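**Student:** The chain contents come next:
2 protein chains.
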Amino acid sequence: METVPSLADINYAADLTSGFIHRTPVLSSRNLNEILGAKIWFKCENFQKAGAFKFRGASYNILTLPEEERERGVCTHSSGNHAQALALAARKKGIPAHIVMPETSSPVKIAAVEGYRGKITYCKPTLEARESTLLQVQEQTGAREIHPYNDLKTITGQATAAKELIEEVPELDIIMAPVGGGGLLSGTALTSKYMSPSTLVIAGEPAMADDAYRSFYQKKFIPSVNPTTIADGLLTSLGSLTFPIILENVDQILRASEASIIQAMHLVWERMKIIIEPSSAVPLAALMEVKENRYKSLDFKDKRIGIILSGGNLDLYNLPWK
Amino acid sequence: METVPSLADINYAADLTSGFIHRTPVLSSRNLNEILGAKIWFKCENFQKAGAFKFRGASYNILTLPEEERERGVCTHSSGNHAQALALAARKKGIPAHIVMPETSSPVKIAAVEGYRGKITYCKPTLEARESTLLQVQEQTGAREIHPYNDLKTITGQATAAKELIEEVPELDIIMAPVGGGGLLSGTALTSKYMSPSTLVIAGEPAMADDAYRSFYQKKFIPSVNPTTIADGLLTSLGSLTFPIILENVDQILRASEASIIQAMHLVWERMKIIIEPSSAVPLAALMEVKENRYKSLDFKDKRIGIILSGGNLDLYNLPWK
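Chains as they are written, first to last, in the numbering used here: chain A, 59 to 380; chain B, 59 to 380.
The shape of chain A in the complex, shown without the other chains (with noise of 0.2 angstroms):
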């Protein structure tokens, strides 16, 4: 593997993983196709399995991990779905799976991982705490990092969503998916140019954790400085390998308001019943705000649009809109 992952490379995690990871549904909407003007086919990876998108990499991590690791396991440190995703398919493969949890992380975040028999180290709530004490994990075990976003493996598991989608749904005119890191972005990206040339690539990113943005706007890696977002799952800056796939193979990035956010993630679940986390509904947010300004950032009316739903893990007792 390059330093861009390939077709053939995507096609082999596909292969590999299928079975492992589920085929997730596409679902539209007519209600929401007329509210929008376009008509949207969702991704559906909120029914992956341990409810998002990121069991795919990690998937093909577990699935790629060599033979004589297999004892020592995997590690990684995060608060979010990435946990619980390592954590599961690890477990399915009887691979000890060994994260590390900011002490400050929701018990229902920490109940998941827990539940999928992830062996949890907590930290101070700081990014230098977290690297430091995942070295520490590291150096005690043996266990490999499997890092989010920036790692070619994970993005070529993550690419393997678009590659589902583009096979059901083909002649988009345009492919979506949120962005944080740029894992689930860079493989979208790569695969839409791989599979479906003309399809325009862009990302949904919230307003105020708009790294992404400014960085691919200016070309140069702007971090993000103290983000706040209801889409706590973007909260990430870009990475040294993510950064250049989105620089050369994404079309366009797209801001969304917190407001906007909230009501295109209510919009989902009100209309196509089915529960969505916020970062989800970066993307569909973005539209509704295109559409208010008359179009004037991307005239999508009557196309023929493809969004990946990250993921529908969220606290269902702390709703946004309450």
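Simulated from the structure, these hints should not be mistaken for lab results.
Being a predicted model, the structure only gives us computed values, none of them experimental.
Check the hints yourself; a few may be wrong.
Identical copies look the same in the list; a pair holds intra-copy or inter-copy alike.
Claimed, not checked - Computed cross-link-like contacts, DSS-like style, restricted to lysine-lysine with a CA-CA straight-line distance of at most 27 angstroms: (1) LYS182 - LYS97; (2) LYS277 - LYS177; (3) LYS359 - LYS150; (4) LYS380 - LYS97; (5) LYS354 - LYS380; (6) LYS354 - LYS251; (7) LYS354 - LYS177; (8) LYS151 - LYS167; (9) LYS380 - LYS167; (10) LYS380 - LYS251; (11) LYS251 - LYS361.
Model the placement of chain B on the given structure of chain A, informed by the hints.
**Tutor:** Same frame as chain A, but now just chain B:
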């Protein structure tokens, strides 16, 4: 049509409504199967048009309305899913739908009926006022009343949900539906007895609105008296047509407490990432109680169980676990 729909009637309704209604997906969850200790397939009528199975019976009525009655239209009194379903089915065929609603109906429900262009007449929130207002509307408009459950065509239309489920998942040991007025349960029981006679037909009913349970086991009609349950789609008593069908074709009725209903609903939201209304959760809630009581009333361990999730309409701003 006799007083009981035949298999030919149900097949005819399925053919006629095909393409007009959604053939809804059947979903299952390994996680829920582990928790319940059985194999459960959920027929997702929460994804049906207008958000509930009621669209089936309403559609069959609309599609078989005599040509000469189309201009005068249809009418009903309902504050719930039947009102929305009838308004939408009628609108799709350009037929007026007159809906009598209690003036205390929630703004969400009123907005939904208005959104489907139903012509609303408000009345006092008593059964007497609903019926007398409906009579007035009928006199003024000549519209035909479409009863939400005590109507053979309505029952026949609702029966198509079980038909689709049984076609997709053969050899069910048990098929379950919630029971309120009994339209869905009657249709489910008849279809099951025709197509899969060895399958047990079991209803779930809120213990706080258990008129069907009492009527069924005492073999005489006992109406509900001021029932209060979170499962607000199941408040009505059985009808003169549905009660005999249920007595003849249902094998068992299980009751569920309010706490179990909320717990089951939360479980489906959390694990399956789909939105169901409280009424939909009643059969699963009943199974959870049976399991807790060591399967005393029903040994469903390792059994193949089909459950009809009746709908997904509820006020997202007012969830039961807040």
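**Student:** Hint by hint, say whether it matches the structure.
**Tutor:** Outcome of the hint check:
When the C-alpha separation of LYS182 and LYS97 is checked against a cutoff of 27 angstroms, the pair qualifies neither within a copy, at 45 angstroms, nor between copies, at 42 angstroms. Within a single copy, LYS277 and LYS177 get their C-alpha atoms no closer than 39 angstroms, and across copies no closer than 56 angstroms, so neither meets the 27 angstroms cut-off. For the homomeric pair LYS359 and LYS150, the shortest alpha-carbon distance between copies (24 angstroms) is at most 27 angstroms, but the shortest distance inside one copy (44 angstroms) is not. In this homomeric assembly, LYS380 and LYS97 never come within 27 angstroms of each other (Cα to Cα): the closest approach is 30 angstroms inside a single copy and 35 angstroms across copies.
Proximity of LYS354 to LYS380 under the C-alpha cut-off of 27 angstroms is found in neither arrangement, the shortest distances being 32 angstroms within a copy and 40 angstroms between copies. Taking the closest pair of Cα atoms, LYS354 and LYS251 come within 27 angstroms of each other only inside a single copy of the chain (25 angstroms); across copies the shortest separation is 59 angstroms, beyond that limit. With identical chains, the CA atoms of LYS354 and LYS177 are never at most 27 angstroms apart, being 49 angstroms at best within one copy and 38 angstroms at best between copies. When the C-alpha separation of LYS151 and LYS167 is checked against a cutoff of 27 angstroms, the pair qualifies only within one copy, where the shortest distance is 22 angstroms, while the shortest distance between copies is 48 angstroms.
Proximity of LYS380 and LYS167 under a CA criterion of 27 angstroms is satisfied in both settings, with 21 angstroms inside one chain copy and 19 angstroms between copies. When the C-alpha separation of LYS380 and LYS251 is checked against a cutoff of 27 angstroms, the pair qualifies neither within a copy, at 41 angstroms, nor between copies, at 45 angstroms. In this assembly of identical chains, the alpha carbons of LYS251 and LYS361 lie at most 27 angstroms apart only when taken from the same copy (18 angstroms versus 47 angstroms across copies).
Checked against the numbered hints above, the structure breaks hints 1, 2, 4, 5, 7 and 10 and satisfies the rest.
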